Amino acid sequence: MSMRARSAKPFLLIAPAVLLLGLFLVLPYINIGIMSFRNPGNGSPYAPGFTTGNYLRLFSDSFYLEQIANTLMIGAITTFACLILGFPVAWQLARTQMRFRGLAYGLVLSPLLVGIVIRSYGWTILLGNNGMINRTLINMGLIDHPLGLMYNSLGIVIALVHVFLPFMILPLMSALQGIDPSIEAAARSLGAGRITAFRRIVLPLSMPGIQAGCILVFVLSLSAYVTPSLIGGLRVKTMAVSVVDALIDTFQWPFGSAMALMLSLTGALVVLIFARLTRMKWKAN
Amino acid sequence: MSKPLLTGYCLVIYAFLLMPILVVVGASFNAGAFLTFPPQGLSFRWYVVFFNNDVFMRAIRTSLWVAAVSTVISGIIGTMAAMFYIQHSGRWKESVRLAMLLPLLLPEVLTAISLLFFVYSIGIGTKTIAAMIIGHVLITLPFVFINVSAAMESYDPAWSLAARSLGAGPITRFRRIMLPLIKPGVIGGCLFAFIISFDIFTISFMLKNIGTATLPIQLYDYLRTNFTPEAAAVSTVSIVLTLAVVIISEKVLGLRIHRF
Amino acid sequence: MTEVSIEGLTKDYGSSLAVNGISVKIADGEFISLLGPSGCGKTTTLKMIAGFEDATAGAIRFDGQDVVNVPAEKRDIGMVFQNYALFPHMTVAQNLAFGLEMRRVSRSDIATRTARVLDMVQLSGYADRYPRQLSGGQQQRVALARALVIEPRILLLDEPLANLDAKLREEMRVFIRDLQKRVGITTVYVTHDQAEAMTMSDRVVVMFGGRIAQHGSPSDIYERPASLEVAQFVGQVNILEGKVVSPAAGDLTPVDTVLGQFLVRGVAPDANGTVTLTLRPEAVELASADTGGAQATVSASYYSGSLVDYRLTLDNGQTINVQTFPRNRWAAGDRVTIKVDGERFWPLGAPS
Numbered sequence: 000m001s002m003r004a005r006s007a008k009p010f011l012l013i014a015p016a017v018l019l020l021g022l023f024l025v026l027p028y029i030n031i032g033i034m035s036f037r038n039p040g041n042g043s044p045y046a047p048g049f050t051t052g053n054y055l056r057l058f059s060d061s062f063y064l065e066q067i068a069n070t071l072m073i074g075a076i077t078t079f080a081c082l083i084l085g086f087p088v089a090w091q092l093a094r095t096q097m098r099f100r101g102l103a104y105g106l107v108l109s110p111l112l113v114g115i116v117i118r119s120y121g122w123t124i125l126l127g128n129n130g131m132i133n134r135t136l137i138n139m140g141l142i143d144h145p146l147g148l149m150y151n152s153l154g155i156v157i158a159l160v161h162v163f164l165p166f167m168i169l170p171l172m173s174a175l176q177g178i179d180p181s182i183e184a185a186a187r188s189l190g191a192g193r194i195t196a197f198r199r200i201v202l203p204l205s206m207p208g209i210q211a212g213c214i215l216v217f218v219l220s221l222s223a224y225v226t227p228s229l230i231g232g233l234r235v236k237t238m239a240v241s242v243v244d245a246l247i248d249t250f251q252w253p254f255g256s257a258m259a260l261m262l263s264l265t266g267a268l269v270v271l272i273f274a275r276l277t278r279m280k281w282k283a284n
Numbered sequence: 000m001s002k003p004l005l006t007g008y009c010l011v012i013y014a015f016l017l018m019p020i021l022v023v024v025g026a027s028f029n030a031g032a033f034l035t036f037p038p039q040g041l042s043f044r045w046y047v048v049f050f051n052n053d054v055f056m057r058a059i060r061t062s063l064w065v066a067a068v069s070t071v072i073s074g075i076i077g078t079m080a081a082m083f084y085i086q087h088s089g090r091w092k093e094s095v096r097l098a099m100l101l102p103l104l105l106p107e108v109l110t111a112i113s114l115l116f117f118v119y120s121i122g123i124g125t126k127t128i129a130a131m132i133i134g135h136v137l138i139t140l141p142f143v144f145i146n147v148s149a150a151m152e153s154y155d156p157a158w159s160l161a162a163r164s165l166g167a168g169p170i171t172r173f174r175r176i177m178l179p180l181i182k183p184g185v186i187g188g189c190l191f192a193f194i195i196s197f198d199i200f201t202i203s204f205m206l207k208n209i210g211t212a213t214l215p216i217q218l219y220d221y222l223r224t225n226f227t228p229e230a231a232a233v234s235t236v237s238i239v240l241t242l243a244v245v246i247i248s249e250k251v252l253g254l255r256i257h258r259f
Numbered sequence: 000m001t002e003v004s005i006e007g008l009t010k011d012y013g014s015s016l017a018v019n020g021i022s023v024k025i026a027d028g029e030f031i032s033l034l035g036p037s038g039c040g041k042t043t044t045l046k047m048i049a050g051f052e053d054a055t056a057g058a059i060r061f062d063g064q065d066v067v068n069v070p071a072e073k074r075d076i077g078m079v080f081q082n083y084a085l086f087p088h089m090t091v092a093q094n095l096a097f098g099l100e101m102r103r104v105s106r107s108d109i110a111t112r113t114a115r116v117l118d119m120v121q122l123s124g125y126a127d128r129y130p131r132q133l134s135g136g137q138q139q140r141v142a143l144a145r146a147l148v149i150e151p152r153i154l155l156l157d158e159p160l161a162n163l164d165a166k167l168r169e170e171m172r173v174f175i176r177d178l179q180k181r182v183g184i185t186t187v188y189v190t191h192d193q194a195e196a197m198t199m200s201d202r203v204v205v206m207f208g209g210r211i212a213q214h215g216s217p218s219d220i221y222e223r224p225a226s227l228e229v230a231q232f233v234g235q236v237n238i239l240e241g242k243v244v245s246p247a248a249g250d251l252t253p254v255d256t257v258l259g260q261f262l263v264r265g266v267a268p269d270a271n272g273t274v275t276l277t278l279r280p281e282a283v284e285l286a287s288a289d290t291g292g293a294q295a296t297v298s299a300s301y302y303s304g305s306l307v308d309y310r311l312t313l314d315n316g317q318t319i320n321v322q323t324f325p326r327n328r329w330a331a332g333d334r335v336t337i338k339v340d341g342e343r344f345w346p347l348g349a350p351s
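Protein chains in written order, with numbering that gives the first Met the number 0: chain A, 0 to 284; chain B, 0 to 259; chain C, 0 to 351.
In case anyone wonders, no lab produced these hints; they're calculated from the structure.
Hints are not guaranteed to be accurate.
[Said to hold, decoys possible] Once the Cα atoms are required to be at most 27 angstroms apart in a straight line, the calculated DSSO-like pairs of lysine-lysine come out as:
#1 K8/A with K73/C
#2 K126/B with K8/A
#3 K180/C with K24/C
Please read these numbers as outputs of a predicted model, since none were measured by experiment.
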């Protein structure tokens with residue numbers, strides 16, 4: 000066996016993955032970047048020539064700007080809610096030796112095993128004007144008219160929190176598991192109260208998990224399509240829904256590309272700022 | 000937080016996580032023609048309707064088929080990549096990892112749209128199911144990679160060297176030593192990939208070809224215009240199918256794990 | 000059986016020369032140790048002999064046949080790894096059978112050979128256990144058995160005792176050495192533990208920085224080290240400056256030191272007539288009464304059961320270390336007289 004043959008072999012292991020990702024991920028992304036600068040077509044997806052018009056149209060139209068802002072807002076609220084709701088659960092999973100820990104872990108994971116269409120569908124059953132929640136409240140005589148839980152941002156946030164909560168809990172849990180309980184005990188022995196020990200020791204040490212969870216949930220919320228589409232209906236549209244509709248219904252490829260990239264880049268910017276801020280803040284502490 | 004308070008809080012969250020799923024399952028047994036609450040009696044009528052509905056039955060078959068093909072492809076590619084990542088990537092390790100996780104880090108909507116334009120511009124289009132399968136392989140690849148590389152982390156390269164010193168060539172080494180030892184990771188990764196693929200929506204939605212919708216797409220289309228509990232019956236069957244796959248594999252996996 | 004000859008063996012990793020042109024001949028049935036600190040190239044050398052690493056230059060010959068281009072799986076070597084590398088999904092018997100299956104040995108022969116070797120390593124009742132059900136020492140012996148059952152041309156051991164506790168390690172030294180003698184197999188043993196290398200080997204090869212610093216019998220290495228580095232690596236050593244008093248008479252040269260004047264063997268003084276001498280701590284004897292030797296004050300003593308180590312301060316302020324049996328005990332502050340036999344000094348070749 001020659002030396003050359005021996006050293007070439009390992010590369011063959013990664014070659015199929017490189018080929019797949021290069022051909023069907025990297026190239027398409029380059030392609031969509033170019034597409035966003037193409038002239039809109041008339042009767043065809045796009046016309047020859049290039050323009051910055053698609054982006055100018057996005058920036059000059061307050062409708063789209065508001066939609067981007069609204070989408071970012073929904074993403075931010077969803078992320079924050081997931082963090083607040085998920086932290087105690089992650090804490091309990093990471094720290095307590097419960098008898099039913101396996102079951103609890105399974106419960107956290109279980110929504111991931113159920114398709115997103117089905118989960119969103121479940122929320123339409125719960126949140127609709129004639130849905131379970133409103134019906135129950137009316138039957139109990141607590142309200143006269145159904146609460147507006149669906150076809151608005153509130154409904155979208157509730158459903159998105161449900162859909163993405165596991166993605167917050169899992170990284171939080173692994174970060175909290177990595178913190179030696181004796182470190183916290185040491186802080187307590189040095190005179191720190193429960194709250195101080197949590198704020199000065201546990202929180203900073205779980206920061207990587209908080210960061211990872213927040214970024215994951217935020218990015219996933221921005222690009223969520225099914226949930227906003229089913230819960231928001233025609234009345235409230237997030238950017239992702241608008242983009243897909245623009246492409247499927249109206250075949251505006253260049254403009255749709257610009258919208259999709261705009262949304263992704265704004266999202267990436269928010270993530271970067273968030274990562275920078277949290278890192279500085281916790282280093283300063 | 001005190002202990003009972005924390006436990007109570009967590010129970011509320013678990014209920015929140017399970018609620019929409021339980022509601023769907025419950026609704027599927029509703030005897031009424033609409034999703035009324037409280038339900039108008041218990042009945043299996045919507046299951047009968049569903050099993051006689053060709054469109055949904057075909058969608059289930061399509062979904063299973065697409066998931067199976069995608070899982071096999073990403074299982075092979077992902078396992079190879081994980082082997083490279085753990086044993087040969089050297090100073091490129093972080094880059095390889097990042098590249099392999101890329102499909103997870105990028106927004107699925109953007110990936111779906113990019114892929115749609117791309118398959119049209121290179122002439123594949125969406126006339127065949129190939130484009131959809133490519134999309135599914137992209138999305139499921141990271142799950143195989145993560146699981147197999149986790150299993151590979153605890154694979155001692157000295158085992159391969161020992162087998163070599165005893166006279167085993169590369170194929171024997173893979174078949175008799177490495178594969179049996181990383182099998183839990185491979186099976187786990189493929190299981191994950193299969194379930195993810197079975198549930199993928201956005202990619203399938205953008206890359207579907209006329210006439211072969213997967214189950215999530217068919218369900219979504221149906222939900223936009225219909226409100227009968229048939230959708231709940233379809234969903235429940237889908238949930239049960241996924242659970243069955245998990246439980247069966249767990250059993251198989253469990254047996255394997257207990258062997259060493 | 001096999002004679003191994005290594006000539007100008009080199010491994011260049013591009014950024015560093017791990018092994019720099021080493022040559023050594025290993026006789027048929029000989030037990031040789033590669034001894035050195037981590038990063039000295041001993042493990043790389045072993046891997047090149049095994050075939051796990053390609054040699055950049057040089058030759059490895061088994062009975063005169065160059066094996067550099069023979070892949071590891073065809074070299075017919077038996078190897079024992081530091082962490083044993085037993086296949087965790089196979090029983091002890093299956094682990095042992097693996098190499099024989101690769102050689103297409105018949106099923107019945109596999110059974111008899113496996114049983115025989117298991118008996119040899121005193122693990123007859125353990126054939127159906129899995130590795131995780133065995134203790135560290137038992138796993139070690141399975142690893143040995145797995146390497147020996149294929150009846151390889153040479154046996155390679157890569158720090159096989161590093162993961163065992165101290166007591167077991169000493170038992171295994173004797174066990175491996177006896178087994179090797181019984182089988183009569185040519186053996187290369189890699190270790191950073193000088194005591195291990197000394198007690199087990201016919202010959203020790205000391206390596207530093209990819210080169211052979213010295214090779215010879217254990218007593219050669221210990222008593223006649225070729226350099227200060229070697230002297231320090233294989234044990235504690237005192238360094239004394241000496242001045243040649245008059246030309247050598249025969250091979251004995253009178254040398255003046257802080258401990259007095261001695262007749263030293265093998266002195267090659269530099270132009271100034273100075274020479275650097277090594278003196279092992281246990282070569283020094285102490286006495287309370289002033290018997291005419293050099294005087295020193297005990298500054299510290301360390302008792303370890305069978306031996307006592309003293310740190311002494313000579314009257315000129317120099318420190319020397321001494322190791323004695325605890326027959327007489329001195330405490331810090333005691334005055335002692337130092338007695339040394341001139342034969343126990345060993346001069347370093349060229350001062351570095």
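Worksheet item: Are the Cα positions of K180/C and K24/C separated by 27 angstroms at most?
Response: holds, 19 angstroms
Practice prompt. Please work out if K126/B and K8/A have their alpha carbons no farther apart than 27 angstroms.
Written response: violated, 37 angstroms
Fill in: Proposed proximity, K73/C with K8/A (alpha carbon, max 27 angstroms)
holds, 19 angstroms
Checked against the numbered hints listed earlier, the structure breaks hint 2 alone; every other hint is satisfied.
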